[in-house]
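J.: Residue numbers (our numbering), protein chains in the order written: chain A, 306 to 868; chain B, 79 to 195; chain C, 163 to 355.
The set of hints was computed from the structure by calculation and includes no laboratory data.
Among these hints, one or two may not hold up.
Here are the simulated lysine-lysine pairs, DSBU-like style, with alpha carbons at most 30 Å apart [said to hold, decoys possible]: (1) C:K168 x B:K92; (2) A:K320 x A:K373; (3) A:K588 x A:K373; (4) C:K279 x B:K177; (5) B:K142 x A:K593; (6) A:K500 x B:K142; (7) B:K133 x C:K279; (8) C:K257 x A:K320; (9) B:K142 x C:K168; (10) C:K257 x C:K323; (11) B:K92 x C:K254; (12) C:K273 x B:K142; (13) C:K254 x B:K142; (14) B:K177 x C:K254; (15) A:K373 x A:K500; (16) A:K500 x C:K168; (17) B:K92 x B:K133; (18) C:K168 x C:K273.
Residues of chain A placed beyond 10 Å of chain C at every Cβ, according to the derived structure [unchecked claim]: (19) I417; (20) V489; (21) N493; (22) M519; (23) G651; (24) R725; (25) A835; (26) V861.
Glycine included, every Cβ here is placed at the ideal spot set by N, Cα and C.
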Amino acid sequence: MSTEVQHAEPGIFHKYFFSTDHKMIAMQYLFTGMAMALLGGFFAYAFRMQLGFPNQHVPGYGIVTPGKYNALVTMHGSVMIFWVAMPVLIAAFGNFLIPLMVGCDDMAFPRINRLSYQIFLLSALVLLSSFLVKGGPFGGAWTAYPPLSAVGAYNLTPIGATLWLLAVALEFVAFLLGGINFTVTTMNSRAPGMKMYDIPLVVWMIVLASIIFMCSAGPLIAGAVMLLFDQTMSTGFFDPTRGGDPLLWQHLFWFFGHPEVYVVLLPAMGIVAEVVAVFARKKIFGYKTVLYTTWAVGFLSFVVWAHHQFVAGIDPRMANIFSITTLLISVPITEMIFLYIATLYGGSIHLDTPMLWALGFIAEFMIGGVTGIFLGSSGTDIYLHDTYFVIAHFHYTFVPIAIIAVYAGITFWYPKMFGRMLNETLGKIHFWGTVIPFNVIFIPLFITGTAGDQRRVYSYAQFAEQSRPALQHLRTTSTIALLVMLAFQFVFLFNFFWSLRNGPSAGPNPWRSATLEWTVPSPPPHGNFAELPTVYRGPYEYGLPGLADDFLPQSVPDQAVGD
Amino acid sequence: MTTEAHVHHPNYVKIWAVLVLLLIVSVVGSMSHIRNVVLIAAFGVALVKAYLVAKNFMHINIEKRWVPYLLIMCLLFIAILFAGVAPDVMKHSGENWSKFPAKQGAVTSGGPATKNE
Amino acid sequence: MSASAKPIANTRSGTGIPTVRLITWWVIASEIVIFGGLLATYVMHRLGHPEWTEAASHTNTWAGAFNTFVLLTSSLCAVLAHQAADAHDGPKAAKMLRLTVLGGLIFLTVKGFEWTKDIHEGFVLSSGGFWSFYYTLAGLHGLHVLAGMIIMLIVAADAAKNQELQRVECIGLYWHFVDIVWIFLFPLLYIAR
Numbered sequence: 306m307s308t309e310v311q312h313a314e315p316g317i318f319h320k321y322f323f324s325t326d327h328k329m330i331a332m333q334y335l336f337t338g339m340a341m342a343l344l345g346g347f348f349a350y351a352f353r354m355q356l357g358f359p360n361q362h363v364p365g366y367g368i369v370t371p372g373k374y375n376a377l378v379t380m381h382g383s384v385m386i387f388w389v390a391m392p393v394l395i396a397a398f399g400n401f402l403i404p405l406m407v408g409c410d411d412m413a414f415p416r417i418n419r420l421s422y423q424i425f426l427l428s429a430l431v432l433l434s435s436f437l438v439k440g441g442p443f444g445g446a447w448t449a450y451p452p453l454s455a456v457g458a459y460n461l462t463p464i465g466a467t468l469w470l471l472a473v474a475l476e477f478v479a480f481l482l483g484g485i486n487f488t489v490t491t492m493n494s495r496a497p498g499m500k501m502y503d504i505p506l507v508v509w510m511i512v513l514a515s516i517i518f519m520c521s522a523g524p525l526i527a528g529a530v531m532l533l534f535d536q537t538m539s540t541g542f543f544d545p546t547r548g549g550d551p552l553l554w555q556h557l558f559w560f561f562g563h564p565e566v567y568v569v570l571l572p573a574m575g576i577v578a579e580v581v582a583v584f585a586r587k588k589i590f591g592y593k594t595v596l597y598t599t600w601a602v603g604f605l606s607f608v609v610w611a612h613h614q615f616v617a618g619i620d621p622r623m624a625n626i627f628s629i630t631t632l633l634i635s636v637p638i639t640e641m642i643f644l645y646i647a648t649l650y651g652g653s654i655h656l657d658t659p660m661l662w663a664l665g666f667i668a669e670f671m672i673g674g675v676t677g678i679f680l681g682s683s684g685t686d687i688y689l690h691d692t693y694f695v696i697a698h699f700h701y702t703f704v705p706i707a708i709i710a711v712y713a714g715i716t717f718w719y720p721k722m723f724g725r726m727l728n729e730t731l732g733k734i735h736f737w738g739t740v741i742p743f744n745v746i747f748i749p750l751f752i753t754g755t756a757g758d759q760r761r762v763y764s765y766a767q768f769a770e771q772s773r774p775a776l777q778h779l780r781t782t783s784t785i786a787l788l789v790m791l792a793f794q795f796v797f798l799f800n801f802f803w804s805l806r807n808g809p810s811a812g813p814n815p816w817r818s819a820t821l822e823w824t825v826p827s828p829p830p831h832g833n834f835a836e837l838p839t840v841y842r843g844p845y846e847y848g849l850p851g852l853a854d855d856f857l858p859q860s861v862p863d864q865a866v867g868d
Numbered sequence: 079m080t081t082e083a084h085v086h087h088p089n090y091v092k093i094w095a096v097l098v099l100l101l102i103v104s105v106v107g108s109m110s111h112i113r114n115v116v117l118i119a120a121f122g123v124a125l126v127k128a129y130l131v132a133k134n135f136m137h138i139n140i141e142k143r144w145v146p147y148l149l150i151m152c153l154l155f156i157a158i159l160f161a162g163v164a165p166d167v168m169k170h171s172g173e174n175w176s177k178f179p180a181k182q183g184a185v186t187s188g189g190p191a192t193k194n195e
Numbered sequence: 163m164s165a166s167a168k169p170i171a172n173t174r175s176g177t178g179i180p181t182v183r184l185i186t187w188w189v190i191a192s193e194i195v196i197f198g199g200l201l202a203t204y205v206m207h208r209l210g211h212p213e214w215t216e217a218a219s220h221t222n223t224w225a226g227a228f229n230t231f232v233l234l235t236s237s238l239c240a241v242l243a244h245q246a247a248d249a250h251d252g253p254k255a256a257k258m259l260r261l262t263v264l265g266g267l268i269f270l271t272v273k274g275f276e277w278t279k280d281i282h283e284g285f286v287l288s289s290g291g292f293w294s295f296y297y298t299l300a301g302l303h304g305l306h307v308l309a310g311m312i313i314m315l316i317v318a319a320d321a322a323k324n325q326e327l328q329r330v331e332c333i334g335l336y337w338h339f340v341d342i343v344w345i346f347l348f349p350l351l352y353i354a355r
């Protein structure tokens, strides 16, 4: 069956800004996410300069006052999670890959797809507008606990607080719409012959992430409405003097907040799976096991949330229960990592840049994972909560997710997206220049955190027992490493934009991958497939004996294979 | 594009009549002074009405089986939410903690605004 | 917007359910968690604050019951629209959908009068725990009723021309869900004493 696209060539506005083509929408999300990443990185630069060189003028920013520090850390966290990790991992990769990898011509509902980006863009603009208002952007931390977040007199950013809440709410709506589209397309629009277990893992992961998001966002949406009313309409949902409870917000937030980290983890693991299979020339070890453990992780993620609240005043008996479930969830995730390592074992490893990033993900994420054990046990968490140990732990998970796996995905699919190859040498320089400094940023923070350094404090100067001047060299080292890491990102930016025009032309399948997106031209035309494919096998048929080549694409019929 | 009828259509007016009857039962029952009667009239009837709407109007029972399972899974997550949050929010004291404003019978209706602008 | 603008992706059906109905079920699933979260939160507070009974007694049970009747009847119209669409009778489906919208309009109007009275008696959003939840719950529900009405009118406009009849069932499903939410809101807000 062939697609016949009969409409006229669209004008520039329609092609780039009003398109319903999933690939263009993916690019919109990708570039918006990349731009927001520059912003999020800049915020980290500013507050780490304050921490490394306290009360000095920060070049390009100015003096970091206490209020500005709070806004910087709030905006860094919010931007990185909601406007970088989610749009790039889920919306950009999901939009680009899903129709191509399941073998159809677009998403099931292209206009809803376009609407979801428009709402997302609006959410980003609302957030950015908070930088222009009196008081500046919200400074109550990305977790927005009331009463701080509910009362303007406390957070000193009353308008920013409401704008932040509206921006997050709009972002949620955008991802609900987008996620439902991905799910329906994957369930219904697959190529003939593509059964459930023939779907590439990255597609499964993005869909499962969307489902987890859909099931966890609801209570927080309800909570956000309540917080909005507390901020603007004198209600007392979270005000204990009026019958409310601040702990309620914490529960509603983390009921979403914990599944959210798996919402971003799953697509990252999916990307790594694709890259590992291609560059080890080996089938994923235990595809079905990976899938079933992912379902287990997805479900378990809903029963661990209160480990973020061990010291908040929850009933200690609840802390027992949540400790157990939290330690339990580390089992399936570890199993998935082991399955990836088993895939690598005995494979024919090609250390191209995407593979370096994928291997980097596995190594760094494991460090993040094991350090989580100390935080998941309520006993040790009592000491470590709100210290830099927590920050180091979640950056050892979030940076692999939002940065390392994203670079794996970009370097892997760049040829397909843009029809050009990235420069390998620059890619490798960028890789080492990111990963090594990354460790130098956060290992000192494990040490300062264990020594007792508290989070969200702009300067320890006023707190004698906190100041620990002997550790200042560690804080400064961390800051300098961040500067180095940020500097190396310019290597990537240069490589990315320079190669758009000057990189060598990429054919349809430069990495010799077996999945469907590599059977179409690079970049794919509108409608994707000149002839819609039929699928005959799973997505990872590599290294099979007796073949002319070392892999068998999904859409090649069996009788076309040599004996 | 036209629909291929995938459902058998029962007599919807009859079902509507049952629903209205149940509504009357719930209103009348709620005027009782016996607490259990009120609860059953209010919530028991609500459950029955919801089931009737889901089965007869939404045709959930003819739908693919995983659809009601998905919806039930969502309800299960809400039950988990309730189970995890109610011990802190619903109760006013527990092991080693108390909510003093709540235990004093905090302001219920009207009441001065706090420091909100 | 005609069928020829739809991608092949929209017309395939790996699950056996048409894509438009499939997306409707997913929308309903996510709405269950939104309303469920708000309702669960309300129930926790209501059970933990027995002193709210006094405030709750001021809601108008007859208005609530009448509105329940209105929504049930509008659901009847919605499913009759589905039946008409299955019989390929677009104009009749459109008529039943428009009657459903009328039901929604009556619902919102009654609520408008009800809330006007409540506000005149001094019960506003910030009048304390019960009223904050009452207005938030019923308000969120009312917004969903309004959104449903608007989408339903758009679907009816197409159905009247015998186009996109598969959407009639789906907007009906959404409407039934909104009805079911109200079926639970009614006892929670109007009856429970």
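J.: It remains to establish, for every hint, whether it holds in the given structure.
T.: Hints, verified against the model:
no. : hint            : result
1   : C:K168 x B:K92  : 38 Å, violated
2   : A:K320 x A:K373 : 40 Å, violated
3   : A:K588 x A:K373 : 50 Å, violated
4   : C:K279 x B:K177 : 34 Å, violated
5   : B:K142 x A:K593 : 23 Å, holds
6   : A:K500 x B:K142 : 17 Å, holds
7   : B:K133 x C:K279 : 37 Å, violated
8   : C:K257 x A:K320 : 39 Å, violated
9   : B:K142 x C:K168 : 25 Å, holds
10  : C:K257 x C:K323 : 12 Å, holds
11  : B:K92 x C:K254  : 20 Å, holds
12  : C:K273 x B:K142 : 37 Å, violated
13  : C:K254 x B:K142 : 28 Å, holds
14  : B:K177 x C:K254 : 59 Å, violated
15  : A:K373 x A:K500 : 53 Å, violated
16  : A:K500 x C:K168 : 24 Å, holds
17  : B:K92 x B:K133  : 14 Å, holds
18  : C:K168 x C:K273 : 39 Å, violated
19  : I417            : 8 Å, violated
20  : V489            : 5 Å, violated
21  : N493            : 5 Å, violated
22  : M519            : 4 Å, violated
23  : G651            : 34 Å, holds
24  : R725            : 27 Å, holds
25  : A835            : 13 Å, holds
26  : V861            : 21 Å, holds
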